[in-house]
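Participant: Got chain B; can you put chain Z with the ligands on it based on the hints?
Taken in sequence, the protein lines are chains B and Z.
Numbering-wise (the numbering used here), the first sequence opens with residue 3 and increments by one.
Numbering-wise (the numbering used here), the second sequence opens with residue 341 and increments by one.
Careful, some of the hints might be misleading.
Here are the simulated DSS-like pairs of lysine-lysine, each with C-alpha atoms no more than 27 Å apart in a straight line [to be verified]:
1) B:Lys271 x Z:Lys653
2) B:Lys271 x Z:Lys507
3) B:Lys154 x B:Lys109
4) B:Lys110 x B:Lys174
5) B:Lys80 x B:Lys109
6) B:Lys154 x B:Lys216
For the record, the hints were derived by calculation from the structure and aren't laboratory data.
Chain by chain, the residues run as shown.
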Amino acid sequence: MAHVTDFRYSIVAREDYSDVTFMLEVCHPLMARAARPGQFVIVMSHADGERIPLTIADFDAEAGTVTLVIQAVGKTTKEMQRTCRVGAELYGIAGPMGIPSPLGHAKKVVCVGGGLGVAPVFPQARGFKEAGAYVIGVLGFRNRDLIFWEDKFRAVCDELILCTDDGSAGMKGFVSQGVLRAISDHADIEEVVAIGPPLMMKACADATRPFGIKTMVSLNPIMVDGTGMCGGCRVKIGDKVKFACVDGPDFDGHQVDFDDLLVRLRRYKEEERVALERFNEDCRMRTVPEGAKVVSDLPRARG
Amino acid sequence: MAKKRTIRSIPQERTPVRELDPVERATNFEEVNCGYDESEALLEAERCLFCPEPRCVQGCPVGIDIPTFIQKLGAKDYRGAYDTIANTNLLPAVCGRVCPQENQCEGVCIVGESLAPVAIGRLERFVGDRAIAEGWVNVPLVEPNGFRVGVVGSGPAGMACAADMAKAGCEVTVFEAFHQPGGVLRYGIPDFRLPNSVVDAEIENLKKLGVRFQCNTLVGRLFTIEQMIEELGFHAVFVGTGAGYPTMLGIPGDSLNGVLSANELLTRCNLMRARDFPNVDTPLPLGKHVAVVGAGNTAMDALRVCLRLGAEKVSCVYRRTRAEAPARAEEIHHAEQEGIEFHWLTNPVEVLGDDQGNVRGMRCVRMELAEPDASGRRRPVPVAGSEFDFEVDEVVYAIGTNANPIIGQTSSIRLNRWGYLEADADLATSLAGVFAGGDIVTGAATVIEAMGAGRKAAVGMKRYLGLPSEEDAAAETEFGIPGGRRNFARVRVA
Ligand SMILES: Cc1cc2nc3c(=O)[nH]c(=O)nc-3n(C[C@H](O)[C@H](O)[C@H](O)COP(=O)(O)OP(=O)(O)OC[C@H]3O[C@@H](n4cnc5c(N)ncnc54)[C@H](O)[C@@H]3O)c2cc1C
Ligand SMILES: Cc1cc2nc3c(=O)[nH]c(=O)nc-3n(C[C@H](O)[C@H](O)[C@H](O)COP(=O)(O)OP(=O)(O)OC[C@H]3O[C@@H](n4cnc5c(N)ncnc54)[C@H](O)[C@@H]3O)c2cc1C
Ligand code: SF4
Ligand code: SF4
Ligand code: FES
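Same shape as in the complex, but just chain Z:
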């Protein structure tokens, strides 16, 4: 490597990324962020200081070796950069696009203390896209070990666990309730943020590893988790069924026609392709003026989808301020650029209907932030007498989700008091051989955290099956048996 980089010597400006024009893009589903081309990626790679104790790695939930991959990228060793990332992250093209980097890797990058932080996410996406274009996959030569693993749910958690178990030599089948795999990546996040072609490519990679996908399979009801182990011959099972049961506000007017959850809106639009109605059969009638309640990623997606489907005015209603909004900074910024109206410090108290049961308006109250509560967040409280009505003909709730009840209804896996699956440090559940991770354990979180959970569960699962694993090989010898060779007797589920 050339001479040591310092904060003074690196390019001071963060390399900008090309984006579609806000006016034009608001009418189509093309990807907004065009990503770096090679010269832009090389330029941005020069901004990394290759810290000996890189803080960015700690900021990444799966601990990608960020300086090493950036170094390889800078040396145009793209394959090497990909292999470095793929060591820990199975979905670089996805995470580079959708990670909330400002709260994770980039949020703690040392460069960020005086300049804009290194654009780690964009570099990661560059490498991920290159891998897809070149068809790179790391398919290890493994002896089949005869173990059969069932994975329930094909979101990022399930995909990650499936990949690791396939790489260990197991025969892996992923069961998905929908007719297409991918979880939220497919039905939730719209094409203008994460094109379906990227999700398809990642699924193809898994198939190259030998993973089988079985769609249209509602586990719990078609067969139970217990039956998978006792009758269908699976030696271990991973449950990654996501969160998903949408919350309604519980205010008068909730059930009017024109009130729907963001999940329904996005599923109709993305998975069922209702935007092509009537060329496809699933409809999605949209109002002229849509209000979306909430300000997380789901809300931003719903807002921008409505705009693209042709709504004349789209408003975001959120009870706190922009600073507290949980969405990725880039998404709020993009939504603002596209002409979404934001009503911060505003809370709906009633949805107003006409005599046909359709939405005609919304009654809101202004909020102000009170003293911080126990969680440290300033609590929004209504301003007395500040109610006002505004005209809308469609209201979308994007205020969070609860645990999906199906696995709880149909198996004896222990749940916590909120209905999520209980899992220990290895992500093992109360049923022997059954592991769980992702949103169904933690509640709604992020793609990378779900993926990390899938991988962590795979480590636990290998231990349970008595398979050698890299993670354990490093562990010390116990009773004279080296870590990676320890065997864990399988227990039959009663």
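Looking at chain B on its own, in the form it has when it is part of the complex:
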């Protein structure tokens, strides 16, 4: 097998789904082989960068690539949107992290993705399909222009319910309403997997609770190392404290204390604002010619 110590983390493909969402394919043969649905990576785009967690949205062991779908929401992700072109290299990417999603023996499942969560729920939908389950996909977008991966989901789902906030495509409403529709159509749903913003996952968990349907959610607290060493990612599950990076990130949605997660996600609000302002200022000062190839000039993480 290829020499295990020759990692370069090059970006081999990129696609922009909207002005905030983009997809990167990173070359990492070992990771492409090891990745399982539900796992994530920690990425550092340059040596002074932050370590940010991103879900592995797809992996191809044959091509040796892992796929990340990123929403540009703050300094780091907006900067990546600008610098991560094909041919550039990431400073570091570590993983796969987290416990793979337990794709149990459920015969009929609903896989829900909203906003940030559409891409990350894909490997689970495919995993369930491969395990022989009947898969109902529920995807939520703000409007029809933001829709992506519809065909990818159609290929692995037996049914697909599209939801948009403004009704410009599919049904008008939130994914939790889509979940309720699936439940009313099928009395024998055994499991729901919901990934997306905390409020969305909370709404889905609330929707399934009266029916007693097992509902797994993938939590996204702020992380640093992703290896269980800092405790920054701790979440409350029932009466226990768990570290999402090593004890999760998947947990039983009916046990999760979402209010606690929401409060903790606000921890660095002020710093996030400062960083973004400085970044925007910086972008105004420095104009990169359209289409220029930006190859990271920072040293690579190599032995």
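Facilitator: Same frame as chain B, now just chain Z with the ligands:
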């Protein structure tokens, strides 16, 4: 050597070491202890009695030949002194700085019975720093033996094992989960105690021995320990992944914003360089009044980091007294000098929050020491009705760590009931060819003990691979085969 030294004839005072001014240094990350210069080191070296049965050597967890190195230092044979230390200790510049010498070598030095003990640590640091400045490394001429060794974790345990196996002629690769190697030396211990340049120099030395470092590699998840042996072609593996999973107190308010573990604080500050935010991207917002719970080395580091990051008031909260505090004496002393407030015999019972979920205060209870318990330590018990509140806007827990679960989750290595890896006297684990040592076996300990464990595992590993080792050469002949030449058949892992 000149005439025999006696306790009367040696310099009576321990040579003082220059330190940065407490007020000034509390605003920067410069190293506090400036170390001895040559004349100071030579003066202090005169205080060693060169005991024929040196107790200091027994006090050192790796048994450095202390009188010999001090003798060579005294004769200005610095290279010789370095070689003597390097025989047993790979990281003199590190250990000279961070060993709890008062409990180890210096704690039992005979001079210490009537005077202050010989400043062994400072002398060792002098030699280590000289070696770094001069670029000394002991790179033996070895024939590559074709064996490939994988080391998991780049802390002191992993570094030590890697060095010994490289010196034996193996091709060694160290895998580290973080983007930079060094373990706690990098992410935990701050620059004002152990500058990153020292860690870098030690890593460079390992590279000169031919050791390769592969960062961003989370072993267990990217590939398992079993795969390293079965698929990736490693003939033996050492696991030195440290302890690390931080303990929270488990009191109300634990999850408020502004409560964090010392590991998170130190990692953000040291590894991610958050102190330069917003020039780097990782933030570390700090309160005006920070309380750190605990009184070990980690707590002292957290306290002093907070002070340097600009907190107005920094308090240490500990349920026992100063005498029981596990930190190195020098660190407590330095923290006091810098203006840290100490609340001994105080235990938090609740962290108080505001309506935004932020910390606004802490409720504590006073403690008193009861009769010694089974472990011989006097047990702290709360004083009834002594609860009081004080204002803080940040709380840092430095109350210890548990075993990191990743290797346990992903391999079949046997764990003990606390989740640490089980290892025998040779530090072999339950998987053939896999050895382990350092904090992941013993629980949180010291740098020198982790390093010693890495070296001990290397001895076991050489035996397992059937490589001659100095340690075994001394051993007696068995079945007509000399110790160092004994061969141990390799076993395939099922
Ligand atoms: C396990 C895990 C998997 C993730 N997978 C993906 C993914 O596949 N694609 C993706 O785009 N993002 C994902 N995220 C979220 C991603 O890590 C954050 O969006 C990113 O760290 C933001 O960094 P920033 O500097 O650009 O923004 P910041 O300046 O840090 O934050 C900007 C805004 O984003 C919010 N935010 C910050 N951190 C998070 C977070 N951890 N989760 C949710 N919102 C956050 C903040 O509240 C703020 O409003 C995941 C997070 C976790 C923990
Ligand atoms: C803040 C602090 C201050 C301290 N001060 C002192 C002191 O003054 N004196 C003293 O003697 N001791 C001190 N100690 C204790 C000492 O640092 C430790 O006992 C020692 O570092 C343990 O070494 P180790 O090699 O076992 O593990 P570590 O140093 O913890 O290194 C383990 C390494 O393995 C990596 N790793 C973990 N899991 C994986 C994985 N699955 N794959 C790949 N890599 C992995 C980690 O990222 C880490 O880099 C201190 C500890 C702390 C936290
Ligand atoms: S390694 Fe530590 S204990 Fe041993 S001699 Fe040096 S300072 Fe003392
Ligand atoms: S015990 Fe003290 S005096 Fe004796 S050899 Fe050791 S350092 Fe020197
Ligand atoms: S991210 Fe640090 S413990 Fe999970």
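Participant: Against the structure, test the hints numbered earlier, and report the numbers of the ones violated in rising order.
Facilitator: Violated hints (numbers, rising): 2, 5; every other hint is consistent with the structure.
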